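Asks: The lines below spell out each chain.
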Amino acid sequence: MKESDYKEQFLKIVSDYQGIIFKVSLVYFRNEQDRKDNFQEVLFQLWKAFPSLQNRNSIGSWIYAIAINTSISRIRKNSKIEICNSLPETIDHADPHCQFIKQEEQNQLIEAIQNLNPIEKSVILLYLEEKSYEEIAEILGITIINAGVRINRIKEKLKNAINHGNK
Amino acid sequence: METNKIQELWKGISSDFPAKTKEELWVLIYKKSKSAMNKIISISIISGLTNLGLIVFIVYTSLHRRYDFLYLANNGLLLLIASILFTFLLIFFKKIKAIDNANLPLKLMLSNKIEILDRANKTKASYFAIPVLYVLICLSIHVYFENKSMVEVLKNEESIAGLIVGLPIGLAVSYFASARIKKYQRRKLEFLKTLFAELKETEKH
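Chains as they are written, first to last, in our numbering: chain A, 9 to 175; chain B, 637 to 841.
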């Protein structure tokens with residue numbers, strides 16, 4: 009394959025799937041600048057790992073695996089990353105009141121996910137992205153049963169956190 | 637709040653994000669690749685020049701002191717330890733590069749990183765090599781610029797007094813630096829082990 013075709017093929021894939029990188033960065037980093045830096049780092053790691061894509065069945069799973077691994081490698085215990093808390097503005101042209109309530113609920117959900125530990129974040133992220141238990145298990149390197157157990161537990165944790173926040 | 641509602645909310649979040657064009661994405665990759673390359677090049681140049689400088693110094697000074705057996709032994713030992721240390725560092729970085737692969741299942745990636753950091757953390761070689769290397773370099777430089785044989789310099793009270801004052805200060809600085817690096821490594825290792833334990837915990841259930 010010609011170099012330009014190779015590059016074009018890669019850019020087509022990351023352009024189509026860039027939402028995954030955005031979401032993983034959103035879950036792992038609270039600060040806008042950290043999210044941007046992580047986005048760039050994940051892109052770079054994907055570019056480096058692009059030749060290995062041919063061995064994978066699903067492009068989405070490949071991007072998730074690299075995005076999660078890269079993000080986890082970048083976070084550190086007690087890092088400054090945790091200090092600032094700014095959520096991205098979403099674009100919504102609906103009724104301003106409904107938009108406000110929706111935005112509030114979305115912020116609560118993001119906040120609840122951000123308060124989970126890094127492993128729980130990756131599990132729930134993949135679940136919310138409607139990945140199958142098999143795919144979640146493959147990406148994280150755990151068994152399918154364990155993925156299921158963990159998902160149920162985190163879902164409860166999330167519901168409690170959000171309901172508690174509403175009271 | 638029900639699970640469906642959570643999923644619905646999540647879809648709302650994930651569908652609204654500022655998408656980048658292919659050109660913008662390529663600019664990000666290009667900039668990152670360039671900075672990664674610059675980092676590698678500067679590390680290679682610094683370590684290469686340091687090693688080259690040390691070798692040139694050892695060869696040059698040894699040629700000028702061909703008949704000072706003790707000085708030659710000092711330089712020979714210095715070259716040997718520096719070479720061993722440099723080889724170990726090269727092997728270590730090669731191993732890190734080989735396992736630094738984000739394209740693996742998370743658990744495997746974590747266990748690889750833990751293994752290599754654990755090994756680096758357990759090795760106490762730097763605690764022995766740094767002071768020995770430092771003393772040998774100091775002796776080599778000091779003796780050469782004193783323009784006397786090594787035995788004469790070691791018998792000179794002024795030289796001994798200078799070494800007694802200078803060596804502990806240099807050693808303290810190098811120990812402080814290596815202790816800081818070790819502390820950073822330990823914290824990183826602890827964090828990775830916590831994450832790994834979290835993944836292993838799920839397997840018990």
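No wet-lab data here; the hints were simulated from the structure. Hints are not guaranteed to be accurate.
Claimed, not checked - Cut-off 25 Å, straight-line C-alpha distance, at most; resulting in silico cross-link-like pairs (BS3-like, lysine-lysine):
no.	chain 1	residue 1	chain 2	residue 2
1	B	K656	A	K31
2	B	K668	B	K656
3	A	K10	B	K668
Everything numeric in this text was worked out from a predicted model, so none of it was measured.
Asks: Quick one, are K10 of chain A and K668 of chain B close enough, alpha carbons at most 25 Å?
Replies: Measuring from Cα to Cα gives roughly 23 Å; hence the hint holds.
Asks: If you draw a straight line from the CA of K656 of chain B to the CA of K31 of chain A, is it 25 Å or shorter?
Replies: It holds: about 14 Å lies between the C-alpha atoms, which stays within 25 Å.
Asks: Going straight from one Cα to the other, do K668 of chain B and K656 of chain B come out at no more than 25 Å?
Replies: holds, 16 Å
Hint compliance for this structure: no hint is broken.
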